[in-house]
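Student: If you're matching them up, the sequences are chains A and B in order. Quick note on our numbering: the first sequence kicks off at 1 and runs consecutively. Quick note on our numbering: the second sequence kicks off at 1001 and runs consecutively.
Keep in mind that the hints are not guaranteed to be accurate.
[As the list claims (entries may be wrong)] Covered stretches of chain B (in silico footprint by chain A; criterion: 3 or more residues with CB under 8 angstroms from a CB of chain A, positions within the stretch not fixed):
#	region
1	1082 to 1088
2	1099 to 1113
3	1171 to 1180
[Said to hold, decoys possible] Some chain B residues flagged as far from chain A (calculated, every beta-carbon gap over 12 angstroms):
#	residue
4	Asp1140
5	Tyr1253
6	Gln1262
7	His1321
Keep in mind that the hints were calculated from the coordinates and are not lab data. Every value quoted in this text rests on a predicted model; they were computed, and no experiment measured them. Cβ coordinates follow ideal geometry from the N, Cα and C atoms, glycine included.
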Amino acid sequence: MGRAWLFGSNVNTDVITPGRYNLTTDPAEMARFCFCEVRPEFPKQVKPGDFIVAGEHFGSGSSRESAPLAIQACGICAVIAPSFARIFYRNAINVGLALCLTPTQGIQDGDELEWNKERGLIVNLTQGIEFPIEKLPDFVLAIRRAGGIIAYLNQHGSRLPEIK
Amino acid sequence: MRAQTLSEKIFSRKLGQQVRAGQTVLAEVDWILSHDTTTPLAIQSYEKLKQADFHAEKVILVFDHIVPAPHPQGAALHRRIFKFAQEQGISHLHYGEGICHQLLAELGYVTPGALIIGADSHTCTAGAFGAFATGMGSTDIAVAWATGQSWFRVPETIRVEVRGALPAYLGPKDLILQIVKQVGTTGAAYRALEFGGPTIDAFDMPQRMTLCNLAIEMGGKAGLIAADRATLDYLRPRVSAGMYGQTPLQSLYPDPGAHYEQVLGVDATALVPQVALPHGLEETVDVDQVAGLKLDQVFIGTCTNGRFEDFQMAAQILASHTVAPNLRLICTPASREVYLQMIKSGVAETLLRAGALLTNPGCGPCLGRHQGVLAEGERCLSTMNRNFRGRMGSPQAEIYLAGPAVAAASAIKGVISDPREV
């Protein structure tokens, strides 16, 4: 359970981790400037278990992996959006940041949310509404279960997951 | 045989079986590109692998984003990459020679039909050569270093058919800004864009590269143009015999009757100079709508518009003029080859005499890290591909995007100007 941090549509990775701060390979350091320009309070007030809720095409623009790494290091439980920009989508899967594909209309900033993994739902506890999550492809889920692509390769003899 | 798009054709050849849009496949890649700001995280991911091969022959490392290093942190990242490159025996290493996307073309790495991944979103530029080239993140690059492979969803394709000749002082940047306006900044998400038609057939390779460069600004996975005679003529002297990964140079066209999700027609003759307004590419207007806006800086360069032809256009306009007082004109060649061409042709001298600041080849201030970052309240007109908030420095600065002709005319006047009126 955690609060919703609401962002708009087509949020680009320059907004998530601004380029001029991108000089580190330490995720904890990246977390300090996550969304620092559009929501300066975000990196200070975000708590483990919180959710990022956004509109279409979240994570557009640059390929920088600092974007999902910073979000993950902030303790975000999952990013919830109706669609993701493809490079961000891959990067998030690869580093083990959970993404939930679902419509997000109606969710307000600060709403308390819960991810019911068994039933595949996002539950808006504040408003008493449930959103079904679109199922990701099996090989993507296999990577997520492993905790990211590097962990997957380490657990599976350096072989990439089979794609059916 | 089912008629295929360029993307379907390239993946089918790679896999040795016919695949179609929508299928997800695991494929051997030809080149694995990364640069000085994405490589350190790739090294970090690679070093977490318990056991891994290293496909050094496929790896291309380019130092272009912050060269030479502007601060100790940048220098430390560079050192880390050099050390890794030495340990792994990476021979395709380029420091300060130019922007990675430009070098892929100039040094003959890209060939028609090649499958290229790069830890940079503008890797799509190489699609101008009939290759499938797409951006990924650092960990995908690390995985490809180790396995030689990556997974792909073969994308659906949006075909853009362009007819008519571009009017004087207009270039491919005006055309692609217009196309972005029509498709939308998310309109090509997860899709490939295929550019074709008589206008594109008549374009040279630098012009084609500018078009494909902005595929990602529509959310596109790749931007492709058929490999024709112009492609092969450009590449032939650049491809060294026996170089790893070189498939024989052959033309590559989509099949007639291939399935396109959407076909968009554009008439180039009707175009006027385009300017994208801050802070995204959502809003692009004809230049007259923003003409007269005062500028603090004009930047000509990047993987979008940092080629010789772009500076030649700028020099043509700037000849016998000077840069407006209190305005900085920064010119950053996309590569050493471009720089040398500028010197030999006199373009460099024209620009310098006009008052331009000519930097070493690389990404320049596009990343907001050096060589011309913006202060709060400043306004810049740039030939780059992104005008996101904070991209060139302060989030309180404004970035307008246009082609080199608008940039040069604006540098003379000190305000956004129509090159046809200077």
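Student: Decide, hint by hint, whether the structure agrees.
Tutor: Against the structure, the hints:
Under a criterion of three residues with beta carbons nearer than 8 angstroms to beta carbons of chain A, the stated coverage of the region 1082 to 1088 of chain B fails, only 0 such residues being counted. With 0 residues carrying a beta carbon less than 8 angstroms from a beta carbon of chain A, the region 1099 to 1113 of chain B misses the three-residue requirement, and the given coverage is violated. By the rule of at least three residues with a Cβ nearer than 8 angstroms to a Cβ of chain A, the coverage given for the region 1171 to 1180 of chain B is violated, with 0 such residues. The beta carbon of Asp1140 of chain B sits about 6 angstroms from the closest Cβ of chain A, which is not more than 12 angstroms, so the claim that it is off the interface is violated.
Look at Tyr1253 of chain B: its CB is around 26 angstroms from the nearest CB on chain A, clear of 12 angstroms, so calling it non-interface holds up. Chain A leaves Gln1262 of chain B outside its interface by the beta-carbon criterion, the shortest separation being 17 angstroms against a cut-off of 12 angstroms. Distance check on His1321 of chain B: its Cβ is at least 33 angstroms (rounded) from any Cβ of chain A, clearing the 12 angstroms threshold; non-interface status holds.
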